[in-house]
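Asker: What follows is the residue order along each chain.
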Amino acid sequence: MNADQARSVLRTMWRIRAFEERVGRLKRSDEVHGLIHLSIGGEGVAAAVCGQLRDNDVVYSGHRAHGHVLAKGAPMPETMAELMGREGGLCRGMGGSMHLVDVAHGMLGATGVVGGTVPAALGSALAARMRGEDTVSVVFFGDGAVQAGTFAESVNLAALWRLPVVLVCENNGFAEFSPRSAHTPVERVSDLVAPWGIPAATVDGNDAVAVWEEFGRLLAGVRAGEGPALLEALTHRLRGHYEGDPDRYRVAVAAEEWQERDPVLRLERTGLERGWFDADEAKAVREAAHAEVEDAVAWARESPWPTPELASSLVYGS
Amino acid sequence: MTGVTTREMTYAAATNEAVHLEMARDEDVVLFGQSVAGSPDDPFLKAFGADRVRVTPISETAEIGMAAGAALAGKRPVVDCTMAEFLLVSMDQVVNEANRFHYMSGGRVTAPLVLKAGYGFTAGWAGQHTGSIYGMFMGVPGLKVALPSTPADAKGLMASAIRDDNPVLFLHHYLLLLEQGPVPEGEHLVPFGSADVKRPGSDVTVVATGWTVHRALAAAERLAADGVDVEVIDPRTIAPLDTATILTSVEKTGRLVLVDQATRHSSVATVIAGEVAEHGFSALRAPIVQVTALDASIAYAKPMEDYVLPDEDKIVAAVRGVA
Chain A
1 MNADQARSVL
11 RTMWRIRAFE
21 ERVGRLKRSD
31 EVHGLIHLSI
41 GGEGVAAAVC
51 GQLRDNDVVY
61 SGHRAHGHVL
71 AKGAPMPETM
81 AELMGREGGL
91 CRGMGGSMHL
101 VDVAHGMLGA
111 TGVVGGTVPA
121 ALGSALAARM
131 RGEDTVSVVF
141 FGDGAVQAGT
151 FAESVNLAAL
161 WRLPVVLVCE
171 NNGFAEFSPR
181 SAHTPVERVS
191 DLVAPWGIPA
201 ATVDGNDAVA
211 VWEEFGRLLA
221 GVRAGEGPAL
231 LEALTHRLRG
241 HYEGDPDRYR
251 VAVAAEEWQE
261 RDPVLRLERT
271 GLERGWFDAD
281 EAKAVREAAH
291 AEVEDAVAWA
301 RESPWPTPEL
311 ASSLVYGS
Chain B
319 MTGVTTREMT
329 YAAATNEAVH
339 LEMARDEDVV
349 LFGQSVAGSP
359 DDPFLKAFGA
369 DRVRVTPISE
379 TAEIGMAAGA
389 ALAGKRPVVD
399 CTMAEFLLVS
409 MDQVVNEANR
419 FHYMSGGRVT
429 APLVLKAGYG
439 FTAGWAGQHT
449 GSIYGMFMGV
459 PGLKVALPST
469 PADAKGLMAS
479 AIRDDNPVLF
489 LHHYLLLLEQ
499 GPVPEGEHLV
509 PFGSADVKRP
519 GSDVTVVATG
529 WTVHRALAAA
539 ERLAADGVDV
549 EVIDPRTIAP
559 LDTATILTSV
569 EKTGRLVLVD
579 QATRHSSVAT
589 VIAGEVAEHG
599 FSALRAPIVQ
609 VTALDASIAY
619 AKPMEDYVLP
629 DEDKIVAAVR
639 GVA
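Residue numbers (my numbering), protein chains in the order written: chain A, 1 to 318; chain B, 319 to 641.
Among the hints, erroneous ones may be present.
[Stated by the list, open to error] Here are the in silico distance ranges between beta carbons for each label pair:
id : chain 1 : residue 1 : chain 2 : residue 2 : range
1  : A       : R25       : B       : G356      : 56 to 62 Å
2  : B       : G356      : A       : G197      : 23 to 29 Å
3  : A       : E187      : B       : E505      : 54 to 60 Å
4  : A       : S318      : B       : E505      : 18 to 24 Å
5  : A       : G221      : B       : G457      : 43 to 49 Å
6  : B       : R343      : A       : R301      : 45 to 51 Å
Think of the hints as simulated: they come from the structure by calculation, not from any bench.
None of these values were measured; they are calculated from a predicted model.
From the three backbone atoms N, C-alpha and C, an ideal C-beta is built for every residue, glycine too.
Pulled out of the complex, with its shape left as it was, chain B reads as follows (with noise of 0.2 Å):
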C-alpha cells in the first residue's frame, strides 16, 4: 500500500466504512437487516435515513427474497445478516432464486446483492452459531464468496461487493471484527478473484483464509525461526477462486500446506487440494497436508473446540512434516 494514505482501524468498522462510502456514492445502495438502525443515533440511519436503511422482520425468506427483488429492479441491496448459519433458513433465494436468475434469464437481468454474514464465532458459542460454512456456498454457480482477513481486505472486498452485478456473499470472521490494521482512505477496491500474497517465501505455501491466515503468519514467524521459509496465500474470495497465484507458489516450493477452519470435506482446502493435485501435480515434492477442523459440529467446552479447531501449532507441525 505504498503512496495511498492508510489510517489504523477496525476489521469492523472498515467494513462499514465501505459500506457506508458506497451508500453516500449511490443511492440505490440500500440497508436491510435485522439488527440495522439499532438507534436513532445509528449511523446509517442518521446518514441515509429510514426509507435506505430499514430493519427487517426475523423472516430470512421474505428479507432475502425481498432484497433480491429489488436487486431486480435496479435496488442494490445489502443485507445484513448477522450470522452465516441464518443464511441456512433461506437457502432456496441464496443458492436456488437469486443466483440463478442472471443465467436463467440468459443474461437479461442482473440481482446485484450483498449478503453480508459473520461465521466462525468459536468462543463458546457452540453447535449453531460457529460453523465456517462457506464450502456449502462455494461451489453455488453465480453466487460470490468473498472471505475477508485483514481490516484493508473488508473495506475492498465490502466496496466491490457492492459494486459487483451478481449476489455476493461477504462473509466477516467473528473473532477478526475487533482486529485493527491500516486501510487505505477513501475509495479502497479489492477485485475479486485475486488471491494475496500476505508472505513472500520459498520453502512451503501455505494457503489460508479468514481468521486461519492471522495463525498461519504467526506459525510462519516460528518457522523462520527454524530456517523454514514459508509463503502465506490468501484467496480473499473463494468464488471466484484465483488458483493461479497458488500454483504458480507450488511451483517455486513444491509443498503445500492448506489451513482452513471449516470442516474438512466442506472446506477450501479440499477444492484447492483438487485443483494443484490435479495442476501442479508435477511440481510438487511432498503430499499435500490440509489443516482443517475435524468434520464435527463445533462443542462449547473450550478444551474441545480447541481441539476440534486447526492452530498455530498444527499448522507449524504440517509444515515441518512436509518441509
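Just chain A, with the same shape it has in the complex (with noise of 0.2 Å):
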C-alpha cells in the first residue's frame, strides 16, 4: 500500500463508518424503518477489497451490505434514500438495506438470505470469462454462511470451472447471536478450502494494510486466471446482530481495547506513522466524511417516496 492509496481506504473506511452511525441514529428516530445490519467495525475489508477493483468488476454481498456498496463507489445520496425507502434510492425505495443495487459500480447484488448470493458470484464470473474480459466476481459473506451447505457447493463449481471468483468471508466470530464454536469445531475458514486447491489466506481484518496487501495478492491470481481464491478476514462486529440487537451473548470490547483495534483509527495511526500522510489531512477526510453524510441524509429527506404503480409494474422485467 502507498500514500495514495492509504489516503483512498481511510476516505473510504469514514465515509462507511460516519454513514453507518448515521443510519443507527436514524434507525432509533424511524427515519430508517427497516431491518438493518451495520458494519461498524468491518469497514478496512471492504474498503481495502473493493479499493483494488474496477467499476465493471462485480461485487455481490449479503445482509450486512453498506460498507460493500459505499466502498464500490455507490453515491453517498442514493443509498442513503435507499436506506429511508426514497424513489431517489438505489433502488428507487424497493429493497432497502439488504437489498442494494448499484450496477453502473459492479454491485449487482446483496441477500437477506445468508448465503444466497455466494453461487450468482459464480455465474457472473462464469458470463465475464465467456466474454473474454478479466473482470472477477467479489462476493461478501459472513463465517456463519461457511456451514451453509450453498458454501461447500459454490467452491466445489467455482474450482471445477476455476471461476474468476474472490470469496471473502468476514469472520467476525459469531454467526447471528452464536458464537463460531457453537456452529462448527473448525476454527479457520481459510482451512476448508484445501481439498480444492484454492489458494486461501487469513488476514487480521482489523488491519486494513493488511487487508489491502493479502487481497491484492489473491486478486492478482484470479484476475490473472488462475481459478478462484479465498480471503479470510477475522473482524469485529461493534454492533449487534441488528440494529436493536439487545446483544446480551457476548461480552462486549473493552473503550480502551476497541481504541487499539478499530480499523480506522488504526490505519490513522499507521499513516502517521509512516507518513503517508499528517494529522491535519486525517482530520480532514474525517470531517469530510461527515459532512458528505449530512449532505446524503438530506438529500434523501428530499426525496419523494416510491408510487403505488410500482408495487406491480416491477413485478416483472419488460
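Grab the two chains, each in its own frame, and use the hints to assemble them into the complex.
Answerer: As C-alpha cells, then:
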C-alpha cells in the first residue's frame, strides 16, 4: 500500500463509519424504518477489497452490505435514500438495506438470506470469462454462511470451472447470535478449501493494510485466470447482529481495547507513522466524511416516496 | 396454424428444437444441467461447444444460483433441472433470490433464466418423483410458470421463455414427452398469459393443464356423443394466468369444471375457482367443480395411482353432474 492508496482507503473507511453511525441514529428515530445490520468495525475489509476493484468487477454481498456498496463506489445520497425508502434511492426504495444494487459500479446484488448470493458470483464470473474479459467477481459473506450447503457447493463449482471469483469471508466470530464454536469445530474458514486447491489466506481484518496486501495478492492470481481464491478477514462486529439486538450473548469489548483495534483509528496511526498523511489530512478526511453524510441525509429527505404504481409494474421485467 | 408449415414431432423433440434454435440465434443463451452433454455426440454439445453446454454437479443451489448470477451479468441460461422436485433442494434460489432481483433492485437488473424440469411422472415413480407441484410456484412474484400440453406449445413456450427477461419455470410433463403432434417449422413463439381454446364448445367449460388437457379432450369426445358440447381451455402458462379467456367462456357456458393433476389445495384449479367465483359468479348456472388429485402423495401401486389421480371417467362424471 502506498500513500495515495492509504489516503483513499482511509477516506472510504471514514465514509462508511460516518454513514453507519448516522444510519444507526436514523434507525432509532425511525427515519430508516427497516431491518438494519451495521458494519461498524468491518470498514477495513470493505475499503481494502473494493478499493482494488474496477467498476466493472462484480460484487455481491449479504445482509450487512452498506460498507461494500459505498466502497464499490455507490453514491452516498442514493444509498442513504434507499435506506430511507425513497424513490431516489439506489433501488427506488423497493429493496432497502439488505438488497442494495448499483449496476454502474458493479454492485449486482445483496441478499437477506445467509449465503444466498455466493453462487450468483460464480455465474457473473462465468459470464465475464465467456465474454473474454479479465474482470472478477467478489462475494462478501460472513462466517455463518460457511456452514450452509451453498458455500461448499459453490466452492466446488468455482474450483471445478476455475472461475475468477474471490470469496471474501468476514469472520467476526459470531453467526448471528452464536459464537463460531457453537456452529462448527473448524476455527479457520481458510482451512476449509484446501482439498479444492484454492489459494486461501486469513488476515487481521482490523488491519486495512494487511487486508489490502493479502487481497491484492489473491486478486492478481484470480484476475490472471488461475481460478478462485478465498480471503478470510477476522473482524469485530461492534454493533449487535441487527440494530435493536440486545446483544446479551457476548461480552462487550472495553473502550480502551477498541481504541487499539478500531480499524479506522489503526489505519490513521499507521499512516501517520509511515508518513502517508499528516494529522491535519486525516482530520480533514474525517470531517469531510461526516459532512458528506449530512448532505446525503438532506438529499434523501427531499426525495419522494415510491408511488403505488411501482408495486405491480416491477413484478416482471419488460 | 393455417398457413404455417408444420412437421410431426414429439413434445420432447419440439422442446429441444426451441432451445437449439434460440442458442443458434443468441450466443448469450447457455445450457446447464446435471445430465446435459451426456456424450460427445450430444447435439447441443456438437453445435455449441463445451463452453455453452455445461454439465453441473448435483448441487442444485449452486447450479441455479450460478445461473441467476450469469443472467444478471447478461447471459440467458437454460438450466435443465431434470425433475421439478429437485427444485425443492434449491428453493431459496428459485423463489427468494432470482425471482426478486428485478423487483428489489427497483428494476435496475433483470434475471432472464429458464428452469426446465419434468413433472407428473405417474408411472410407478412413487412419492417423490411424480408430483405436480407447480402450485407452490404460481403464487411466487416475479417467477413465470409455463405448462405446455402439446408439442407445438412446448416449442413456442420454450422459445418465449428463453427470450423473456424474467426467471421462467418451464415444466414439461413426463407422460407427454413422446406424444407426437404438428409443430410449426422455424421460429415459433407462444405468448405467455394467453390461454388456448383446445376445443370450442357451448355447454360446459373445462379448464385443464398439461397431461390432463388430453384427458379432458377425450372426455369431451365421449360427452359429445351424448349431446354435451364441452369447451376445453388450456391456460398454457399459469403465471401469468389468463383468467379473461376463462371468464369469457364461462359467460357463454355458465358451467365450469376444473381439471388438475395437482393436489387440490396446491392446484391451479383452486386459484381459477376463486377468480371465477369472484368475477364470474353472475354467469354461473351450477357450482364450480374441481377434478384434481387427492391431497395425498402419489402412491406406488398402479391401482392406487389411478385412485389418487384425475382421469377421463372422473371428468365425464363431473361434467355430467353440472350439464
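Asker: Taking the hints in turn, state whether each one holds.
Answerer: Going down the list of hints, with the structure as the test:
1. A:R25 to B:G356: 56 to 62 Å: Hint holds: Cβ distance 59 Å, inside 56 to 62 Å.
2. B:G356 to A:G197: 23 to 29 Å: holds, 27 Å
3. A:E187 to B:E505: 54 to 60 Å: At roughly 58 Å between Cβ atoms, B:E505 and A:E187 fall inside 54 to 60 Å, so the hint holds.
4. A:S318 to B:E505: 18 to 24 Å: The hinted range 18 to 24 Å holds for A:S318 and B:E505, with Cβ atoms some 19 Å apart.
5. A:G221 to B:G457: 43 to 49 Å: holds, 45 Å
6. B:R343 to A:R301: 45 to 51 Å: holds, 48 Å
The structure shown violates none of the earlier numbered hints.
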